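Peer 1: This is what each chain is made of:
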Amino acid sequence: MERFWKLLKSAPPTAIFGLLVIALYVFVALFAPVLAPYGESEIVGPEFLPRGEEGFILGTDNLGRDMLTRLIYGARNTIGIAFVTTCLAFLIGGVFGLVATTLGGWVDQLLGRMVDVLMAIPTLIFALLILTITGTSIPVLIVVIAVLDSTRVFRLARAVSMNIVVLDFVEAARLRGEGTWWIITREILPNSLPPLVAEFGLRFCFVFLFISALSFLGLGIKPPLADWASMVRDMRTLISFADPTPLLPAGAIALLTVGVNFVVDWFLHKTSGIRDEK
Amino acid sequence: MAKILKMVAQRLALGFLTLFVVSLIIFLGVELLPGDLAEAILGQAATPETVAAFRREVGLDLPPHTRYLDWLGGMLQGDFGRSLANQREISGLIGVRFANTLFLAATAAVIAVPLAVSLGVLAALYRNTLFDRAINVVTLTAISFPEFFVGYILILFLAVQANIFPSISNVSADLGFWEHVYRVMLPALTLTLVVVAHMMRMTRAAIINLLASPYIEMAMLKGISRSRIIIHHALPNALAPIINVIVINLAYLVVGVVVVEVVFAYPGLGQYFVDSVIKRDFPVVQACCLIFAATYILLNLTADVLSILSNPRLMHPK
Amino acid sequence: MRELNEYQQMLAAGKLTRRRFMQLATALGASTALATSMAGSALAATPKKGGTLRLGIGHGSTTDSLDPGTFENLYMQTVGGAVYNKLTEVAASGDIVPELAESWDVTPDAATWTFKLRQGVEFHNGKTMDSGDVIASINHHLGEDSKSAAKAILDPIAEVTADGKDTVVFKLKTGNADFPFILSDYHVAILPAKDGKLDPMSGVGNGGYMVESYEPGVRTALKRHPNYWKSDRAHFDGAEVLAILDVAARTNALTTGEIDAMDRVDLKTAHLLKRNRNIRIEEVSGTQHYTFAMRTDTDPFTDNHVRLALKYAIDREALVKTILRGHGVVGNDHPIGRSNRFHADDLEQRQYDPDKAKFHLKEAGLSSLKVDLSAADAAFPGAVDAAVLYKEHAAKAGIDINVVREPNDGYWSNVWLKKPWCAVYWGGRPTEDWMFSTAYAAGVPWNDTYWTHERFNQVLVQARAELDEAKRRQMYFELQKIVSDEGGVVVPMFANYVMGISTKLQHDKLGANWSMDGFRAIERWWFA
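Chains as they are written, first to last, in this note's numbering: chain A, 1 to 278; chain B, 1001 to 1318; chain C, 2001 to 2528.
Honestly, the hints are just simulated from the structure, not real lab data. Keep in mind that this is a model prediction, so the values were computed, not measured. Ideal Cβ placement from N, Cα and C applies to all residues, glycine included. Any given hint could turn out to be false.
[Claimed, not checked] So these bits of chain A aren't anywhere near chain B, every CB distance computed over 12 Å:
no.	residue
1	R3
2	S10
3	L20
4	L35
5	P37
6	E47
7	E54
8	L68
9	T123
10	L196
11	A229
12	I239
13	A242
14	D243
15	A252
16	V260
[As the list claims (entries may be wrong)] Which stretches of chain B does chain C cover? Using the computed rule of at least three CB atoms under 8 Å from a CB of chain C, they are:
no.	stretch
17	1083–1096
18	1127–1138
19	1147–1159
20	1162–1168
21	1181–1193
22	1276–1287
[What the hints assert, rightly or not] Output of the computed footprint for chain B on chain C, the stretches with three or more beta carbons under 8 Å from beta carbons of chain B:
no.	stretch
23	2123–2135
24	2233–2244
Hey, can you work out the whole structure from these sequences and the hints?
Peer 2: This is the structure:
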């Protein structure tokens, strides 16, 4: 605990800001049902009330649902889906990446070529094709994006662990006759974690931007589930009339992305050992 | 040099293999799509009879492997085939679209790459100053908004309110070069905002990384000015990762811009692709996919060659 | 009717005084109201020539083609309206008027129609139209190998023959008093024939504009047909039709003046767009309607009490207000719109009544009901929202509607006609018979309620061949009542066609049969 506080104290203001933002979002996401004044898709008043009218702080949307409630539930859905997707992508990409380097030889070649093929097909288009085949549902959405995203993680994990595999202590473990799994989990993984964690932050942000692009093309998250990207999309015609309402969900996304990146920068800085004097 | 040529040849061969696998995957994907071209085109007007007639006419009644092999045969002779939906030559249609896509990507790259690299160098030069942080926050914020949102905001300010640029990129072949540039300015700026952050951050990181190496410290001890060190000593050695990230973003500018095309009604390849997927026009889907994949493979190859060329140690291995 | 139109043209050309026109019109049997409005529009309408019209259409796909048999979206329909003429035309008033046909005759059984063609009409390629072109154009949609979407509507034609160079005779399988309406359909364009065959992709027609360049799903450039036979139409020198699918992009283009008119205005922001002084919002209430179709061959919809319960469990006013933002009118559970000739005005409007819904549920022997309703925005814009609202309304009647969100893509092939209850869009048809025979007659392919009603089908066939208007009116009233009370369809609303138009543009009364002035905006409108 004490170490934690010490660490926090040493953090630059940007990182503290980032941590606060993340903490706030997680809190809102976890306690959405308690915080939100109404139910997620409950119709509570007339449609398109302006901000502040009839007790709706942020007004109501096109069906008369409370904007604030939708935003709060949006945190839950948007962050939840992006988090699960990113975790899955790292699980798939990370495991295959480490396996590829540890086993080497034809396994490495085969996995590498498969990833090449997947990466050669534009992600958005590929997702579009698959989602059209399977129909859009949240689990499918998560799996599809995770698989497509895992190719990038695979590359990174492979590149990072490649440098570690050739180091003496891994060689030593091999000579001791340790199993592949042991080598991966005990030797390679801990040593390749920092860049992977940094990448996690960035990937996490890309996931919901990607979902927003899919929603824009009509294949992302669907109503009545509230998510920020779809909210921006639904209100996009308002932008041309300089109505600031779409800024709320868009700003919510942006703030989180900035926050996460600040923390990632700090983390990279701490672990990479770059001396950043002055 | 011979080594490079050998690598290029190897990679090209692998590239062709990749393209083949991609075409197979896409074909299977299109086959698995629910419904087919006839139903998609006729929509609500589909009766069993017209659907059957449609299928007969465009050859959808043949078994899948026959259609794939026919297509592959034509492809190997450089024949993209015809669109099933309107019987037009695919090569002609795609040519125009692809030229548009490349034009937009090039315009965006011409703005974005120098901007990103110089911002990155400046950020490294003045790192941890207010300037560095401000650039960081601004670029991060720009990539944090969905692309279409950035596009609409630019339209609001630069087209609707200030009336500087047109809000839709209505381009055709008979436009002059500068008129063309003018009309794609807004989508190009949108894309610039989307890609600058990534490139700029990588440039900064690569340079800062090098600042810790002994030869730079040596130069510093010699009392050479910071800016001179960064531009003459660090930047050349940081080129490899920078080129890499630039190429990744160039690839994105070519293959990932469907959303921007929709927002600005720009007739690029992405929209054509999406339309064809929706209508299950498989020769077009195939052709677009191959072009995208080939672009990606070629750009990656270029990146590798450039990295080797820029790195004396790789050029002259011991 | 034709004489009346000619008088109107003479009035517009200054060859008649208003007073004389009124006398002639009333002598022909036109009501004073009709004559006044015709005189008004003729005098107000002093179209100017010139300019290039730029249209932004919210549809269009790279897979489109110029073959009228494949027209499936608003983009090609609007372009087609400028490039191609048909034998007949639905006027803005909703009446059928001659276009390429000069006049027609029908046998008393309404089964043999003889069309006399207009002479000296020139195609874009210089060829003069004759009966051979008409027959080839009709045959393009018929026959086993036809992949035309119009095959079904032209199916009643048994034989089409030429009687000389300027007369065409249609023999129908059964009598159809509305046959001239069918020939006005946007698919049934007349193209030049060569050796009895069309070149459907050529884009050569005899409409007011010829295709200068065509990029499917992007842009069509049109220029005026110098030898167009209509003197009072095709005022623009040329037109540029753009496919702008994104509604925000379309709105931006109209606001910044890059296009002169757009279709499908975003209803959410229509009131904001209206504030722009350079833009008019124009809307017409036509035949476009949204439905929730129940398969009457599937439980629980086999029981008419269940169907009635669901019909009473929807608040139509609320749907018009929320989903259409007021740009529409409530429906009465039948597909005939108020602009139709034989709309049953005296049929009582069904109201939202949870108690009556409960009553019918009880009659059906049920205490509660749980049903799935499939919807996607492909069905109609806002369909999912409409279903969600319906769920709220029905809950008050003890009916639990489970809204199933279906994918947009493939909706018409996988959901419509397959799922027991789903949201459906109908562009509407200009005549009662056409609408009923398309989707309500027993056994037709688009009978999406799988509904078979003996009396209905009997009267439908009788009405079709009946040439006496009063009798037909009565029959169609009965049909509307039957569908409303016993049909399998909930028709909550008729949606207006809402367009955004630059104030620089002028036009007469807008056609209500389709969007964009009956797809004729390019030919009918002009710059003030």
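Peer 1: Are all C-beta atoms of chain B more than 12 Å from that of E54 of chain A?
Peer 2: Holds, because the least Cβ-Cβ distance between E54 of chain A and chain B comes to about 28 Å, which exceeds 12 Å.
Peer 1: If we take the beta carbon of L35 of chain A, is the closest beta carbon in chain B still more than 12 Å away?
Peer 2: Since the minimum Cβ distance to chain B is about 23 Å, L35 of chain A lies beyond 12 Å and the statement holds.
Peer 1: At least three residues with a C-beta closer than 8 Å to a C-beta of chain B: is that true for the stretch 2123–2135 of chain C?
Peer 2: violated (count 0)
Peer 1: Please count how many residues of the stretch 1276–1287 of chain B have a CB within 8 Å of a CB from chain C and say whether that reaches 3.
Peer 2: holds (count 5)
Peer 1: Is the Cβ of A242 of chain A farther than 12 Å from every Cβ of chain B?
Peer 2: violated, 6 Å
Peer 1: Beyond 12 Å from every chain B Cβ: check whether that's true for P37 of chain A.
Peer 2: holds, 26 Å
Peer 1: With a C-beta cutoff of 8 Å, work out whether three or more residues of the stretch 1127–1138 of chain B approach chain C closely enough for the coverage to hold.
Peer 2: violated (count 0)
Peer 1: Would you check whether the claim that L20 of chain A is not at the interface survives, using Cβ distances to chain B and the 12 Å cut-off?
Peer 2: holds, 15 Å
Peer 1: Verify that the Cβ of V260 of chain A lies farther than 12 Å from every Cβ atom of chain B, and report whether the claim holds or is violated.
Peer 2: violated, 9 Å
Peer 1: So T123 of chain A supposedly isn't at the interface. Is its beta-carbon more than 12 Å from every beta-carbon in chain B?
Peer 2: violated, 7 Å
Peer 1: Beyond 12 Å on every Cβ pair: is that true for E47 of chain A relative to chain B?
Peer 2: holds, 22 Å
Peer 1: At least three residues with a C-beta closer than 8 Å to a C-beta of chain C: is that true for the stretch 1181–1193 of chain B?
Peer 2: violated (count 0)
Violated hints, listed in ascending order, are 9, 11, 12, 13, 14, 15, 16, 18, 21, 23; each of the other numbered hints is respected by the structure.
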